[in-house]
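Asker: Sequence:
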Amino acid sequence: MSWEAYFIFIVTTGVICLTPGPAALLIVAQGISNGMRRSYWAIAGIALANALYFALSATGIAALIVASSNLFSVIKWAGVAYLFYLGISTMLSKGSAFSVSSEPNVAIQGWAAFWNAVIVELSNPKALLYFVALLPQFINPDKPIGQQMLIYGSTCIALDAMTYSFYAWLGSKTKKFTANARFVKTSNRASGGLLMLAGILMAGVKRVAH
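Note that the sequence shown covers residues 1 to 210 in my numbering.
Keep in mind that the hints were calculated from the coordinates and are not lab data.
Honestly, I wouldn't trust all of these hints.
What the hints assert, rightly or not - What follows is a set of in silico ranges between Cβ atoms, one per label pair, in the way DEER data are often shown:
#1 L197 <-> I16: 14 to 22 Å
#2 R37 <-> I139: 19 to 27 Å
#3 Q147 <-> W111: 31 to 39 Å
#4 A51 <-> A78: 14 to 22 Å
#5 T174 <-> D142: 45 to 53 Å
#6 G204 <-> I10: 36 to 44 Å
#7 S154 <-> V74: 38 to 46 Å
#8 T174 <-> N140: 38 to 46 Å
We put the CB at the ideal spot given by N, CA and C, even for glycine.
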């Protein structure tokens with residue numbers, strides 16, 4: 001593994017992490033409702049999901065999933081259905097992890113936010129495709145594979161933590177507006193709509209292997 005390849009990996013992965021998506025939207029909502037510190041439950045959930053995808057990629061299992069039309073379709077359409085469910089729940093302010101609320105007993109936090117984040121990230125086929133299609137490009141077969149995977153994996157988790165902490169911070173800065181009922185209602189409708197849009201876009205994701 002060269003320093004040049006490692007630098008390119010950091011830049012590429014950092015840009016992907018910063019690109020808005022369901023995970024980023026979840027963290028922003030958590031930051032608005034629960035503040036930055038309590039948002040780390042959801043951030044940890046996203047990091048765990050990506051660590052699982054990374055482990056699957058390292059063992060080659062993820063490549064088999066992507067190569068299998070049936071398995072990939074199951075993951076994709078389950079993710080689409082889940083995003084639509086979350087989108088409708090958020091628009092109706094039914095207390096999903098994406099819902100903005102000023103009431104502590106309504107806003108999802110703690111372990112509930114953690115597992116919501118895990119499911120959201122695991123149901124995202126784009127995350128699976130990233131680890132299968134992009135990660136292998138940085139692996140040098142002439143160097144110890146295990147060591148490279150450990151370094152890249154640790155870096156990926158660190159980048160997750162930093163970028164989603166930034167999103168949590170952004171969300172926490174608007175927490176004061178949750179006292180405004182119109183802001184809460186508008187935010188939930190916008191978040192719900194974006195989740196369903198993400199579901200529509202996810203439906204168009206195609207596997208990289210045929």
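Asker: Hints first: check each against the structure and report whether it holds.
Answerer: Results of checking the hints against the structure:
Checked against the given bound of 14 to 22 Å, the beta carbons of L197 and I16, roughly 19 Å apart, stay inside it. At roughly 36 Å, the beta carbons of R37 and I139 sit outside the given window of 19 to 27 Å. Distance hint for Q147 and W111: a CB-CB separation of about 34 Å, consistent with the stated range 31 to 39 Å. At about 20 Å, the beta-carbon gap between A51 and A78 stays in the expected band of 14 to 22 Å.
In this structure the supplied range 45 to 53 Å holds for T174 paired with D142, their Cβ-Cβ distance being about 49 Å. G204 and I10 have their C-beta atoms about 29 Å apart, which leaves the hinted 36 to 44 Å range violated. Take S154 and V74: their Cβ atoms lie about 30 Å apart, and the range 38 to 46 Å is violated. The hinted range of 38 to 46 Å is satisfied by T174 and N140, whose Cβ atoms lie roughly 44 Å apart.
Of the numbered hints stated above, those contradicted by the structure are hints 2, 6 and 7, listed in ascending order.
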